[in-house]
Amino acid sequence: MNKNNAKIVEDYANIKGRSLWVDARRRLFQNKAAVVSLILLFFIAFLSFFGPFFLKFSFSDTDWNSIYYPPSLNNGHFLGTDGNGRDLLVRILYGGRLSLSIGVLATLVSVFIGVIYGTIAGFFGGKLDIFMMRVVEILYAMPYLIFVIILMVVFGRNIYFLFIAIGAVEWLTMARIVRGQTISLKEKEFIETSKALGQSNFMIIWKHIIPNLAGPIIVYITLMVPSVIILESFLSFLGLGVQEPLTSWGVLISEGSREMETAWWLLIFPGLFMTITLASLNFIGDGLRDAIDPKEY
Amino acid sequence: MPLTQKNIKNNNLLLDIHNLNVFFNTPEGISHVVKDANFNIKKGACLGVVGESGSGKTQTFFSITGLLANNGYAEGEAFFKNTNLITCDKEKRRGFLGKSIGFIFQDPMTSLTPHLKIGDQLAEIAIYHKKINKNKALERAIEVMDIVKLPSNRDIINSYPHELSGGMKQRIMIAISLMCEPDLIIADEPTTALDVTTQAEILNIFNDLKNNLNIGLVLISHNIGVIAETSNEVLVMKNGQILENGETPEVLTKPKNEYTKHLLSCIPPWIGN
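Listed in order, the protein sequences are those of chains E and P. The working numbering puts the first residue of the first sequence at 6, with every later residue one more than the last. The working numbering puts the first residue of the second sequence at 949, with every later residue one more than the last.
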């Protein structure tokens, strides 16, 4: 009997049940738009991070002999060159690195702050909740552009501060969503059960509330990454973002839009990369929302 | 309270409650939900608590375990292991909960965390309270599943709550409360959400617990049939007052209080035989 029990215990770690997540993955992979988007997104990310190694041009080297080359297969500038003779494809890929990493990192920053803030406010409730949410509302009311400009002026135009500045703005919405979900979760019986079993508040938040928040959080992440990329583009467009010769999709588009009458490719191609990425992320977010909701099928 | 402490030592008393009052602050004023409750629970015995909805039977035990809603507070004495659970600090009370006092809720469907495997949920409690490692905790989980008559194979500890039936989930809930070898289990309408055959099986388990493991049991219910089946003593409550408290056969056959008579007359006569 005891030996048998030991075997069951040993097996326990090795067996994967059909969990909510396995079901969700299956449903996600049944969604064709989401699968195509996933593949496209991975392709673009892969190209951005590894593509530049296989191209003979550098993103910063200017070439006065090849200014405003239109796209062609013959001279190696597949997507043409810009006004300084720099290869557009390499610049788009470098811009992709930056835009995607800002998208992911700033989102992680905002998720980290937002989840901690939101669960604490929602779980403990009462005066603490009222105070914390008023703080969020005050920060909401502050025009974020001024906030970002102040940050940039105080700390200098540093790319890492761009991550932090954007994350610091985006966490507000995250905190609100998480707080709302936490309030509805903490009334559930299984939280009451955990309390009756003498678990500490920290344990309840960590083991019972945050995992159950994962669905809404993941969906919101996929919707937040595009908005962060757009925000970065906007800040770069205003000159608050990355500096030359480094570039991002937002910078490329803002430069391209100035020269679109003479050199259309400078606007079209960065715009195309960005559009595909954003559309993919939105489709993935949509697919995930449907997949994680167990009532869907 | 020297007398009370003596009682605990001498008479096999597990939980001794004196002058327990529970209040709620409401916009309309203070609502007095439990009025001067006096009763006790013995080792290896089952106390049945009957009463209509809103009679304060659940709130009595919520106040002892500190589960009252934020606007509620309790006064009085509830001695458990020489500690007054009403006045002692939260941390100390939490040390008892889950370890020496188990609590079972009405609805097993929603009482288990949906994202954790059954084995993890069982083990979690023992790891938290007894500070043992996971394999030890899982071995204990299998032992406990034996007690609640669940097949101790790997299928159940590996499944998620949504894959089990209501009766199985309620057994898991009982198993969770048994993980740390408690002295007292409080079951708040444990069979209300279950069908009649499952009810009978669960009540059998309760009978085993009190007879074999010498656990004190509180069974809160509005089903007199359930109480008659398992409990040694009955507490009849109405409007927060304890109307009658005595041995089950006596209360059920020779009720003294009008309300108890009234309650008993609600049982269809063909069950009475």
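By construction, these hints were calculated from the structure, which means they are not laboratory data. Owing to the predicted nature of the structure, the values given are computational and were not obtained by experimental measurement. Any given hint could turn out to be false.
Cut-off 20 angstroms, straight-line C-alpha distance, at most; resulting in silico cross-link-like pairs (PhoX-like, lysine-lysine) [what the hints assert, rightly or not]:
hint	chain 1	residue 1	chain 2	residue 2
1	E	212	P	1082
2	P	1084	P	1047
3	P	1082	P	1047
4	E	212	P	1204
5	P	1204	P	1186
6	E	212	E	132
7	P	1097	P	1079
8	E	212	P	1202
9	P	1079	P	1047
10	P	1079	E	212
11	P	1047	E	12
12	P	1038	P	990
13	P	1084	P	1040
14	P	1078	P	1097
15	P	991	P	1047
16	P	1047	P	990
17	P	1029	P	1040
18	E	12	P	1082
Hints, verified against the model:
1. Using a Cα cut-off of 20 angstroms, the hinted pair residue 212(E) and residue 1082(P) holds, with the two alpha carbons roughly 16 angstroms apart.
2. Restraint check for residue 1084(P) and residue 1047(P): the C-alpha separation of about 16 angstroms stays at or below 20 angstroms, so the hint holds.
3. Pair hint residue 1082(P) plus residue 1047(P) holds up; C-alpha atoms about 17 angstroms apart against a cutoff of 20 angstroms.
4. For a cut-off of 20 angstroms, the pair hint linking residue 212(E) to residue 1204(P) is broken: about 50 angstroms separates their Cα positions.
5. In summary, the hint linking residue 1204(P) to residue 1186(P) is supported, as the alpha carbons are separated by about 15 angstroms, within the 20 angstroms threshold.
6. A hinted pair counts as satisfied when its Cα atoms are at most 20 angstroms apart, and residue 212(E) with residue 132(E) does not qualify at roughly 25 angstroms.
7. At most 20 angstroms may separate the alpha-carbon atoms for a hinted pair to count; residue 1097(P) and residue 1079(P) exceed this at roughly 26 angstroms.
8. For the hint pairing residue 212(E) with residue 1202(P), the CA-to-CA distance comes to about 50 angstroms; that exceeds 20 angstroms, so the pair is violated.
9. Taking the CA atoms of residue 1079(P) and residue 1047(P), the gap is near 12 angstroms; set against the 20 angstroms cutoff, the hint holds.
10. The straight-line distance between the Cα atoms of residue 1079(P) and residue 212(E) is roughly 17 angstroms, inside the 20 angstroms bound, and the hint therefore holds.
11. About 27 angstroms separates the Cα atoms of residue 1047(P) and residue 12(E), which puts this hinted pair outside 20 angstroms; it is violated.
12. The suggested pairing of residue 1038(P) with residue 990(P) is violated, with an alpha-carbon distance near 24 angstroms, which exceeds 20 angstroms.
13. At most 20 angstroms may separate the alpha-carbon atoms for a hinted pair to count; residue 1084(P) and residue 1040(P) exceed this at roughly 25 angstroms.
14. About 24 angstroms separates the Cα atoms of residue 1078(P) and residue 1097(P), which puts this hinted pair outside 20 angstroms; it is violated.
15. For the suggested pair residue 991(P) and residue 1047(P), the alpha carbons sit about 16 angstroms apart, so the restraint of at most 20 angstroms is met.
16. Distance check on the hinted pair: residue 1047(P) and residue 990(P) sit about 18 angstroms apart at the alpha-carbon level, within 20 angstroms; holds.
17. Taken as a hint, the residue 1029(P) and residue 1040(P) pair is honoured in the structure, with Cα atoms around 12 angstroms apart against an allowance of 20 angstroms.
18. At roughly 14 angstroms between alpha-carbon atoms, residue 12(E) and residue 1082(P) fall within 20 angstroms of each other, so this suggested pair holds.
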